[in-house]
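A.B. asks: Chain residues, written in single-letter form:
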Amino acid sequence: MSRLSLMPVGDVDMRALELLAARCGQEFGWDVSIDASIPMPDGAFDPKRNQFEAIHILRAVIEHSRSDADRTLGIVNDDLFIPMLTFVFGQAQLKGKVALMSLARLRQEYYGLPANSPLYLKRVEKEAMHELGHTFGLIHCTNKECVMALSNSIQQVDIKAAEYCRSCTIFLHDSLKMIAMDTRRELQ
Amino acid sequence: MNTQWEILVVDDEEVTRESMAAWLREDGYSVDSAASGREALEKTKEKEYAIYFVDLKMPKGIDGIETMMEIKKIHPDASVVIITAYATVDTAITAMKEGAIEYIVKPCNPQEISLLVGRIIKVKNLERENTILRQRLLGQYKFQDIISKSAKMQEIFSLIREISSLRSTVLIQGESGTGKELIARAIHYSGDRAEKPFIAVSCSALVETLLESELFGHEKGTFTGAVSQKPGKFEMADGGTILLDEIGDISPKLQMDLLRVLQERSFYRVGGSEEIKIDVRVIAATHVNLEDAVRQGKFREDLYYRLNVINIHIPPLRERIEDIPLLARKFVERLSHELGKPISDISEGGLKKLMEYCWPGNVRELENAVERAMVTCKEHVLTEHDFQFLNGTKKDAQEWEIPPAMTLEEMERQAIITTLKRLNGNIKETAQVLGMDRSTLYDRIKKFNIQR
Numbered sequence: 001m002s003r004l005s006l007m008p009v010g011d012v013d014m015r016a017l018e019l020l021a022a023r024c025g026q027e028f029g030w031d032v033s034i035d036a037s038i039p040m041p042d043g044a045f046d047p048k049r050n051q052f053e054a055i056h057i058l059r060a061v062i063e064h065s066r067s068d069a070d071r072t073l074g075i076v077n078d079d080l081f082i083p084m085l086t087f088v089f090g091q092a093q094l095k096g097k098v099a100l101m102s103l104a105r106l107r108q109e110y111y112g113l114p115a116n117s118p119l120y121l122k123r124v125e126k127e128a129m130h131e132l133g134h135t136f137g138l139i140h141c142t143n144k145e146c147v148m149a150l151s152n153s154i155q156q157v158d159i160k161a162a163e164y165c166r167s168c169t170i171f172l173h174d175s176l177k178m179i180a181m182d183t184r185r186e187l188q
Numbered sequence: 001m002n003t004q005w006e007i008l009v010v011d012d013e014e015v016t017r018e019s020m021a022a023w024l025r026e027d028g029y030s031v032d033s034a035a036s037g038r039e040a041l042e043k044t045k046e047k048e049y050a051i052y053f054v055d056l057k058m059p060k061g062i063d064g065i066e067t068m069m070e071i072k073k074i075h076p077d078a079s080v081v082i083i084t085a086y087a088t089v090d091t092a093i094t095a096m097k098e099g100a101i102e103y104i105v106k107p108c109n110p111q112e113i114s115l116l117v118g119r120i121i122k123v124k125n126l127e128r129e130n131t132i133l134r135q136r137l138l139g140q141y142k143f144q145d146i147i148s149k150s151a152k153m154q155e156i157f158s159l160i161r162e163i164s165s166l167r168s169t170v171l172i173q174g175e176s177g178t179g180k181e182l183i184a185r186a187i188h189y190s191g192d193r194a195e196k197p198f199i200a201v202s203c204s205a206l207v208e209t210l211l212e213s214e215l216f217g218h219e220k221g222t223f224t225g226a227v228s229q230k231p232g233k234f235e236m237a238d239g240g241t242i243l244l245d246e247i248g249d250i251s252p253k254l255q256m257d258l259l260r261v262l263q264e265r266s267f268y269r270v271g272g273s274e275e276i277k278i279d280v281r282v283i284a285a286t287h288v289n290l291e292d293a294v295r296q297g298k299f300r301e302d303l304y305y306r307l308n309v310i311n312i313h314i315p316p317l318r319e320r321i322e323d324i325p326l327l328a329r330k331f332v333e334r335l336s337h338e339l340g341k342p343i344s345d346i347s348e349g350g351l352k353k354l355m356e357y358c359w360p361g362n363v364r365e366l367e368n369a370v371e372r373a374m375v376t377c378k379e380h381v382l383t384e385h386d387f388q389f390l391n392g393t394k395k396d397a398q399e400w401e402i403p404p405a406m407t408l409e410e411m412e413r414q415a416i417i418t419t420l421k422r423l424n425g426n427i428k429e430t431a432q433v434l435g436m437d438r439s440t441l442y443d444r445i446k447k448f449n450i451q452r
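Heads up: the sequence lines are chains A and B, in that order. Counting with the working numbering, you get residues 1 to 188 for the letters of the first sequence. Counting with the working numbering, you get residues 1 to 452 for the letters of the second sequence.
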C-alpha cells in the first residue's frame, strides 16, 4: 500500500496532525504515518520579514523524507513566504513527492479574532488537501468551491469546500491508480 | 486552460525564481526560469512567452531594463513585468517608458500577482481569438464569396489555388457584374500575400492625369492642388496586390507607363525624380475584349502580353444557369438579415422566372433583383409575382432584331438614353439596370455626349 508521511517541522499542533492522518487515510486509501518532527532548518527564518522562507523548509523536508513514503507533507506552525510574495499558505512540488503547509494564517487569532477550533481544523484540512492535490498533478481549479481553487486570502479558503470537485476527483483517482501501479511494479 | 501559456521568470537569485516558478506552475502555467538577462534572451530566441517576469537588479551582465529592451527587439509585443525590491519613481517611469506592461515591488500580495497574471492572460486570449477570427475571415474571402457549382467556375477555383502564390500578372476578363473583383480578391487572399494590402483601382473612373497621380502618386507642388507629397496606389500595394479594373479604358500614355512598371518593377512619382522600387502583383480586369482592342490598335500589344500571363475568363451568368438558384438563395439568406425581413426562400415559380431571364448585368443584377423583390415582398417566400419587373427573357433576347446598320456603340448609347429617361435620370438605378458600375456609366455618358 502507498504511504503518506506527515512530517512536523518544529513544534506542531498534535490535534491538526491527528485530524490530517484520519482524513488523508480516508481520502486517498493510503497508510498515513505521523513521523518525528524535524528541526527548523538554519537560515529559514528571515528576521526582516519575521517569517520563514518556504523553499528552505521544503528542501529540508525533502532531505528528511522517508524512503518508503510516496508523498510527504511537511507541516509548520509558523508563517511562510517566498521572496516574491508577502506570504504563502503552503508550497508544493507540482507532480512531485513533497508539499509544505503552514498553520499560522489558518488560526483566527492571527487576524486578531477569538479562537475558533472547528473553523481552524476545517482550514487545516482544506490546506492539506490543496497542497497534496498539487503533488498529484492537480492545478488550481476554476470551481470556486473546489478545494483546489486558488486561495490568496483566508476568505477564499473559507469559501471553498474541503472536497475535490468532480473533475479534480477524476484526475486525482487517475493519479492514485498510477502511483499504485508503480508501487506494485517496484515490489515485483 | 492555462497550460497553453508559457511564462519566463528572470532573476539572479535561485530561491526567488524557483519559488515564483513553482507558485505559477500551481496555477497551471508552463514556467521556465533564467538566472541572467543573457540566459533569458537565449530562451526568448527559442520561444515566445506570454509573460516575462524580469528582476530589475541583476548584478552580473545586463540589468532588467536592458533585458526587457532586448526581449522587445525579438518579440515587440512581449508583456514584460519588471520586478524590484526598491521602488523609486524614476525606475518605475523608466520601466514603463521602455515598454513594461507593469512594474511591481516585491514582496507583493499574492492576490495582486494573480490579478495581474489573469489580466495579461485575458488580453493574450483575446488577441489569440482575434487572430483566429481574422484568419477565418480571410478564409471566407478566399472562396465563400464566390458561389458556384458550374464546372467552368470550379476550373477557375482550382486555377486560383494553383496561381495564388505566384507573382505572375493575371488578366481577368468577363462581362460587367460577373465578379471580376471577387476573383481578384480570392487570388490575393488565398496566396502568400494575404496579409499584405489588396488595392483596387477603377481605371475608368478618373481622367488620365488624375489616374496617373492616383496610380503613381505625386510630389508636392507638381500641379495645382498638390499641396503635399502623396503616395500612389502602387506604393500602397507594395508587397501585396493591385487590381487595375477596366484596364481596357486607359490612355496610350498610361499604357506606356504601366508597361514600364511591369518591366522594371519601379516607377517615378508624378513630378518626382526618385525611382521607387516595388514588389506588387498586378491583376488586370476588363469587360472588353482586349484582343480585339489590340487588333484595332486601341491597346498596346506588348502590354497585352505582359498582362495576359495568366488568363481567367469568367463566364456570364446565362452560361451557368445552374448557379442561379444557389446564388439567389444565398442572397435571400444574407439580405433577410440586412433588411430585417423574415423571408426564407424563393418558390419554384420564382426560381423558374429567374432562370429564364437573360441577366445582361450578371450576378450583380441578380443580387439587385433579389433585393428589389425582397423590399416589396409581403410574404415569407419570394414568388414569380415578386419578380414581375424582370422583362426580357433569354427567348426575348434571341428574338430581338437589331436595327439594320446599327453599331455596337450606337446600341449601347441608345440603351443608356432609354434607361436614363425611364428612370428619370437616376444614375444609380440606371447603372444597376444596365449592369455596369456607376463610374463606367459616367464614362459612357461623357463619351457619347448624352444629355441627362
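No wet-lab data here; the hints were simulated from the structure. C-beta: ideal position from N, C-alpha, C; glycine also. Hints may contain errors.
Straight-line distance between alpha carbons at most 27 Å, and here's what the computed DSSO-like set of lysine-lysine pairs gives [what the hints assert, rightly or not]:
(1) A/48 - B/122
(2) B/60 - A/48
(3) A/144 - B/47
(4) A/48 - B/106
Computed spacing ranges between beta-carbons, pair by pair [as the list claims (entries may be wrong)]:
(5) B/197 - A/46: 35 to 45 Å
(6) B/77 - A/186: 41 to 51 Å
(7) B/236 - A/145: 49 to 59 Å
(8) A/110 - B/35: 31 to 41 Å
(9) B/127 - A/114: 20 to 30 Å
(10) B/108 - A/18: 33 to 43 Å
Footprint (simulated), chain B over chain A, 3 or more residues, beta carbon under 8 Å [stated by the list, open to error]:
(11) 48-62
(12) 73-83
(13) 87-95
(14) 145-154
(15) 160-167
A.B. asks: Now tell me if each hint is right for this structure.
C.D. replies: Hint-by-hint comparison with the structure:
Between residue 48 of chain A and residue 122 of chain B the alpha-carbon distance is near 36 Å, which puts this suggested pair outside the 27 Å criterion. Restraint check for residue 60 of chain B and residue 48 of chain A: satisfied, since their Cα atoms lie roughly 25 Å apart, inside the 27 Å limit. At most 27 Å may separate the alpha-carbon atoms for a hinted pair to count; residue 144 of chain A and residue 47 of chain B exceed this at roughly 33 Å. Between residue 48 of chain A and residue 106 of chain B, the direct Cα distance comes to roughly 14 Å. Compliance with the 27 Å bound is thereby established for this hinted pair.
As the Cβ distance of residue 197 of chain B to residue 46 of chain A is approximately 59 Å, the hint placing it in 35 to 45 Å is violated. For residue 77 of chain B and residue 186 of chain A, the Cβ-Cβ distance of about 48 Å falls inside the hinted range of 41 to 51 Å, so the restraint holds. Remark: the range hint 49 to 59 Å for residue 236 of chain B to residue 145 of chain A is upheld by a beta-carbon distance near 57 Å. In this structure the supplied range 31 to 41 Å holds for residue 110 of chain A paired with residue 35 of chain B, their Cβ-Cβ distance being about 35 Å.
Residue 127 of chain B and residue 114 of chain A have their C-beta atoms about 50 Å apart, which leaves the hinted 20 to 30 Å range violated. For the pair residue 108 of chain B and residue 18 of chain A, the supplied restraint of 33 to 43 Å holds, since their beta-carbon distance comes to about 36 Å. Interface restraint, the region 48-62 of chain A with chain B: holds (5 residues with C-beta to C-beta distance below 8 Å; minimum three). Residues of the region 73-83 of chain A lying with their CB closer than 8 Å to a CB of chain B number 3, which satisfies the three-residue condition for coverage.
Under a criterion of three residues with beta carbons nearer than 8 Å to beta carbons of chain B, the stated coverage of the region 87-95 of chain A is upheld, 6 such residues being counted. For a cut-off of 8 Å, the count of residues in the region 145-154 of chain A with a CB near a CB of chain B stands at 3, and the three-residue condition holds. By the rule of at least three residues with a Cβ nearer than 8 Å to a Cβ of chain B, the coverage given for the region 160-167 of chain A is violated, with 0 such residues.
Of the numbered hints given earlier, the model fails hints 1, 3, 5, 9 and 15; all others are met.
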